[in-house]
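With the sequences and hints as input, model every part of the structure.
So the chains spell out like this:
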Amino acid sequence: MAERMGFFTDTSICIGCKACEVACKEWNQLPDDGFVFEATSYDNTGALGASTWRHVAFIEQQPVWTADGTTGDGDGDGGEKPFQIGPDGRWLMSSDVCKHCTNAGCLDVCPTGALFRTEFGTVVVQSDICNGCGYCVPACPFGVIARREDDGRAWKCTMCYDRLRGGLEPACAKACPTDSIQFGPLDELRERAAARVAELHALGRTEARLYGESPDDGVGGMGAFFLLLDEPEVYGLPPDPVVPTRNLPAMWRWAGAAALTMAGAVALSFLGSSDRLLGRGGPR
Amino acid sequence: MAECHPVGFQWVVEAKARGAKVFHIDPRFTRTSALCDRYLNIRAGSDIVLLGALINHVLSNELDFREYVLAYTNAPMIVSEEYRGTEDLDGLFSGFDPETRTYDPATWSYEGVTEEAAAGERSEQLDHGREHADMGGPDQYGAGGAAAHPKPKTDPTLRHPRCVYQILRRHFARYTPDLVAELCGISPEDFAELAEAITAHSGRERTTMWVYSVGWTQHTVGAQYIRAAAILQLLLGNMGRPGGGILALRGHASIQGSTDIPTLFNILPGYLPMPHAHQHETFDDYLARAGGDTGFWGRKRSYMVSLLKAWWGDAATEDNDFRFDHLPRLTGDHSHYSTVMGQIDGTVKGYFVVGENPAVGSAGGRAQRLGLANLEWLVVRDLTLVETATFWKDGPELETGEMRTEDIGTEVFFVPAASHVEKDGTFTNTQRLLQWREKALDPPGDCRSDLWFYYHLGKLLKERASSDERDRPLRELTWDYPEEGVHGDPSASAVLREIGGVGPDGALSGYTELKPDGSTRCGCWIYCGVYADEVNQAARRRPGREQSPEAPEWGWAWPANRRILYNRASADPDGRPWSERKAYIYWDEKKGEWTGPDVPDFEKTKPPGYRPPEGALAEAALSGTDPFIMQADGKGWLYAPAGLVDGPLPAHYEPFESPVRNPLYAQQDNPARRLYPRPESPYNPERSPRFPYVLTTYRLTEHHTAGAMSRPLAYLAELQPELFCEVSPALAAELGLANGDWATIVTSRTAIEARVLVTERVRPLRIQGRIVHQIGLPYHWGWGSGGLVTGDIVNDLMPLALDPNVHIQESKATTCDVRPGRRPRGADLLRLVEEYRHG
Numbered sequence: 001m002a003e004r005m006g007f008f009t010d011t012s013i014c015i016g017c018k019a020c021e022v023a024c025k026e027w028n029q030l031p032d033d034g035f036v037f038e039a040t041s042y043d044n045t046g047a048l049g050a051s052t053w054r055h056v057a058f059i060e061q062q063p064v065w066t067a068d069g070t071t072g073d074g075d076g077d078g079g080e081k082p083f084q085i086g087p088d089g090r091w092l093m094s095s096d097v098c099k100h101c102t103n104a105g106c107l108d109v110c111p112t113g114a115l116f117r118t119e120f121g122t123v124v125v126q127s128d129i130c131n132g133c134g135y136c137v138p139a140c141p142f143g144v145i146a147r148r149e150d151d152g153r154a155w156k157c158t159m160c161y162d163r164l165r166g167g168l169e170p171a172c173a174k175a176c177p178t179d180s181i182q183f184g185p186l187d188e189l190r191e192r193a194a195a196r197v198a199e200l201h202a203l204g205r206t207e208a209r210l211y212g213e214s215p216d217d218g219v220g221g222m223g224a225f226f227l228l229l230d231e232p233e234v235y236g237l238p239p240d241p242v243v244p245t246r247n248l249p250a251m252w253r254w255a256g257a258a259a260l261t262m263a264g265a266v267a268l269s270f271l272g273s274s275d276r277l278l279g280r281g282g283p284r
Numbered sequence: 001m002a003e004c005h006p007v008g009f010q011w012v013v014e015a016k017a018r019g020a021k022v023f024h025i026d027p028r029f030t031r032t033s034a035l036c037d038r039y040l041n042i043r044a045g046s047d048i049v050l051l052g053a054l055i056n057h058v059l060s061n062e063l064d065f066r067e068y069v070l071a072y073t074n075a076p077m078i079v080s081e082e083y084r085g086t087e088d089l090d091g092l093f094s095g096f097d098p099e100t101r102t103y104d105p106a107t108w109s110y111e112g113v114t115e116e117a118a119a120g121e122r123s124e125q126l127d128h129g130r131e132h133a134d135m136g137g138p139d140q141y142g143a144g145g146a147a148a149h150p151k152p153k154t155d156p157t158l159r160h161p162r163c164v165y166q167i168l169r170r171h172f173a174r175y176t177p178d179l180v181a182e183l184c185g186i187s188p189e190d191f192a193e194l195a196e197a198i199t200a201h202s203g204r205e206r207t208t209m210w211v212y213s214v215g216w217t218q219h220t221v222g223a224q225y226i227r228a229a230a231i232l233q234l235l236l237g238n239m240g241r242p243g244g245g246i247l248a249l250r251g252h253a254s255i256q257g258s259t260d261i262p263t264l265f266n267i268l269p270g271y272l273p274m275p276h277a278h279q280h281e282t283f284d285d286y287l288a289r290a291g292g293d294t295g296f297w298g299r300k301r302s303y304m305v306s307l308l309k310a311w312w313g314d315a316a317t318e319d320n321d322f323r324f325d326h327l328p329r330l331t332g333d334h335s336h337y338s339t340v341m342g343q344i345d346g347t348v349k350g351y352f353v354v355g356e357n358p359a360v361g362s363a364g365g366r367a368q369r370l371g372l373a374n375l376e377w378l379v380v381r382d383l384t385l386v387e388t389a390t391f392w393k394d395g396p397e398l399e400t401g402e403m404r405t406e407d408i409g410t411e412v413f414f415v416p417a418a419s420h421v422e423k424d425g426t427f428t429n430t431q432r433l434l435q436w437r438e439k440a441l442d443p444p445g446d447c448r449s450d451l452w453f454y455y456h457l458g459k460l461l462k463e464r465a466s467s468d469e470r471d472r473p474l475r476e477l478t479w480d481y482p483e484e485g486v487h488g489d490p491s492a493s494a495v496l497r498e499i500g501g502v503g504p505d506g507a508l509s510g511y512t513e514l515k516p517d518g519s520t521r522c523g524c525w526i527y528c529g530v531y532a533d534e535v536n537q538a539a540r541r542r543p544g545r546e547q548s549p550e551a552p553e554w555g556w557a558w559p560a561n562r563r564i565l566y567n568r569a570s571a572d573p574d575g576r577p578w579s580e581r582k583a584y585i586y587w588d589e590k591k592g593e594w595t596g597p598d599v600p601d602f603e604k605t606k607p608p609g610y611r612p613p614e615g616a617l618a619e620a621a622l623s624g625t626d627p628f629i630m631q632a633d634g635k636g637w638l639y640a641p642a643g644l645v646d647g648p649l650p651a652h653y654e655p656f657e658s659p660v661r662n663p664l665y666a667q668q669d670n671p672a673r674r675l676y677p678r679p680e681s682p683y684n685p686e687r688s689p690r691f692p693y694v695l696t697t698y699r700l701t702e703h704h705t706a707g708a709m710s711r712p713l714a715y716l717a718e719l720q721p722e723l724f725c726e727v728s729p730a731l732a733a734e735l736g737l738a739n740g741d742w743a744t745i746v747t748s749r750t751a752i753e754a755r756v757l758v759t760e761r762v763r764p765l766r767i768q769g770r771i772v773h774q775i776g777l778p779y780h781w782g783w784g785s786g787g788l789v790t791g792d793i794v795n796d797l798m799p800l801a802l803d804p805n806v807h808i809q810e811s812k813a814t815t816c817d818v819r820p821g822r823r824p825r826g827a828d829l830l831r832l833v834e835e836y837r838h839g
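In the order they appear, the protein sequences are chains W and Z. Okay, so the first sequence: first residue is 1 according to the working numbering, each after it adds one. Okay, so the second sequence: first residue is 1 according to the working numbering, each after it adds one.
No wet-lab data here; the hints were simulated from the structure. All C-beta atoms, glycine included, are put in the ideal place defined by N, C-alpha and C. Wrong hints could be hidden among the right ones.
Stated by the list, open to error - Think about it this way: if two alpha-carbon atoms lie no more than 27 Å apart in a straight line, the pair counts; the simulated BS3-like pairs of lysine-lysine are: (1) Z:K582 - Z:K515; (2) Z:K16 - W:K174; (3) Z:K604 - Z:K582; (4) Z:K515 - W:K174.
Said to hold, decoys possible - Simulated restraints, written as ranges between beta carbons of each label pair: (5) W:V234 - Z:H456: 50 to 60 Å; (6) Z:E546 - W:E3: 24 to 34 Å; (7) Z:G826 - W:V234: 21 to 31 Å; (8) Z:D741 - W:G132: 36 to 46 Å.
Here you go:
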């Protein structure tokens, strides 16, 4: 197997241009999602889905301005808090994508083998094998994978498997003008990310933190991880994602034991029944 | 910049990563603001107050880079006794004629000029100021600007009360931090932080850069915004040095190219002025009035002769003034909006619209469409059937009943165009860099490149040319490019070679090789050398990692592949770097030449100690310490003694439509602004309570201009599917606007509807003690262009009030009303607007 490849998305330099969304759709020939104005900041995409494999979230965290142009800081004197970018007022942007988990729920539950782990350590659906059973959909703790309404098959980011095989980087990373989306060997990206967090902390931006870089998390580490400037929930990311199949071996053990017990009980009951049928034990 | 130039913004991100502090000053909190260190919210149309206060801060605290200012700017020059400024005349400069609303700039000149003129010497300022105003102002002086007196009296102590430095001090004295708070809405603390940052990061060791876009130009005082920034940068010594300068971000790919090889009415390639029918009867008249004779512009005869030779070849000879008479002539103002008025009046009968969409993309759209409907013929070349080509069957005036298709006699020819990937050619962008691109695929169907279209149209016209004298310019025109491919595409590289210049020995290597005797041909003198050594220099693609940071072998920058203009100023007067940290171009005494990582923007062997002999011309008239080599005096102009039609210094005037009184002067708005007081596009009354809100327009990353290139594309249209207005929660609450619901925006021109986006990013400002609300509208929608998404036309709201120097409309600051709900339909819309006009 080749080296495990991944994405490091540094949201501190994302400018929300959505070039990643467009490049992804263009390369992967995805259908549009309709033309609906959502009135949620500059986000009319909404969420990842069967035809949206990159999604830029826009989170407005501005102080509340009172009618006289100052912030209401609650001290009743018409507060003159100067406007500044910082903890009080920010416009956060972040490009979300499939996490290509180390322990991928979607892959675990796929009964057809349509989902598989590639030589790059990524998780890909083979659309010609997928039968549209949809088991993978609830198995993803991030809500990434989804089925298309027309044919029912499941779709998600492939980390541009075809481009990777051709020695190219994924379309989103290629299009990103500020290198907010970085592609490379996962180990290298983790080092780079740790250095970037340290750099931001040294600049006093202690809110910077990594999400999904640790192999100890509930999905065994993400192949696509993030530098965030706030809690994951703020970006619509689960704070402590756990692959639902994490306890599967134990569950199988329990289920096995339970099945044996049940089988035994059934056998016993049959024994009892036969006694009855045979007229044993009953007064007659 | 992140919003409209996301690819270029990567370098701001890079600079930030290296420790640069980045401020963003904008009426709206954009994607740029989100990434910068500090965001300053400013009221649209008040930037000269802010820039003026920064200039005042520098001058009153003597924070200017004095050695640079003394040596390289016109700070010590003494101005005429007759000059009166806005301090003396309450907002006017001397020479204003209230009848014509124009300035006679004679009194703005340096001391001594008027006397010499009286003695019979030619004076640009005295002769032609007003005529130049009529024809598009400064461009009439060519690339060198107006010719001021090259050797005026000076006071190196800067104490003379009429020296430029002291005039500046007096002029800007009233631009204070308090005034910034009062008019811009920027607090004194925020102002202090900005002022501290730019002064601390200027000087020998450091430089500061300003970057602007059309937010600074689309005002009735647009050119003066840029002048204000130029004054600040010259005072701080930030011109001609690495990390300094003023970067103009252009509005499209190759818009820089379309001014270099112009699509403008008043200039020829390389900023040579377009001749006037009556003032420029002969070639010598023209050259005598087209700017100064000193500095590199002093070689304008060579540039012009080479251009005429490129166009008329062997037919152009010394004896016939190189066919100067073949050039078309101006008879006045033929700018965009004046042309539209000519259409409405029936004096303009035919119209070529190429890669533009004025029916929705220009201000006062109704006047545009009325003009189009009154033409005899109209040619539209574009990628899609833009609104300008279909207004006659589906324009908004049909719905209101103002037009009926059967009444419109305009014959429309739609000629489908090739896109940029379907043709060879160059892009010239912001940094003057020409970058060649290869055709990736053939255009579909009947689509052809503009080059193909004009070349074959020219061939057809030449075939039809009569033997009449009137057709001689057509008959003699050189028109012989090699044709390629099944459609006979003219070779774009052959055109580039002609533009780059050829002499008896083949392609030229630079504009100093151009000759006034007709032995050289060059389609654009500033591009001379782009085909040096018979190599397409614009096609060079040596990766950055394989060369120096200046990357001289990536593309080709005009002029002469210089990456920083006026880079002589990166060294001190003696030719030494100002500091090791900022070393760039410097004088190598041993070799006797200028050297450094860039091409010196100076004669390579002219020593710093060179002093011009009396009567020297062209570059020989500039001393070894004159870095601004295109200027007749080689100096950076803090004060413009000639060349601008609305004053030698920037003064704050309110936008033509503003809810705010100008507290600086009795003069409310730019006295020389260009208006079209006509019923087709009436104005909002001054400070009218009916139009209480400030309206500004802008773009979104997801779309391009009026949307013809983005609305037909599903992947872009879905990202921003509908026109919306951005309003603050306070204004939304006041007016009853609900997020996601509809609002109607009204001006004296029309009313449009938009979805409401309530956001804290739009902030009410306290201006002159009261709350002023701003609202913002992106202008990417129209009814057609093959758009998957459509919407009302924001530009229809905008007034036809223009900057008098460059004739650009004020579409960044106006006034409006906002009301909840959708707009009325049909004739009811007209009734609503009528109510507002006369309310």
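Evaluation of the provided hints:
1. Z:K582 - Z:K515: 37 Å, violated
2. Z:K16 - W:K174: The given pair, whose Cα atoms are some 21 Å apart, holds under the 27 Å limit.
3. Z:K604 - Z:K582: 20 Å, holds
4. Z:K515 - W:K174: This hinted pair is violated, its Cα atoms lying about 47 Å apart.
5. W:V234 - Z:H456: 50 to 60 Å: 59 Å, holds
6. Z:E546 - W:E3: 24 to 34 Å: 27 Å, holds
7. Z:G826 - W:V234: 21 to 31 Å: 47 Å, violated
8. Z:D741 - W:G132: 36 to 46 Å: 39 Å, holds
Of the hints listed earlier, those the structure fails to meet are numbers 1, 4 and 7, in rising order.
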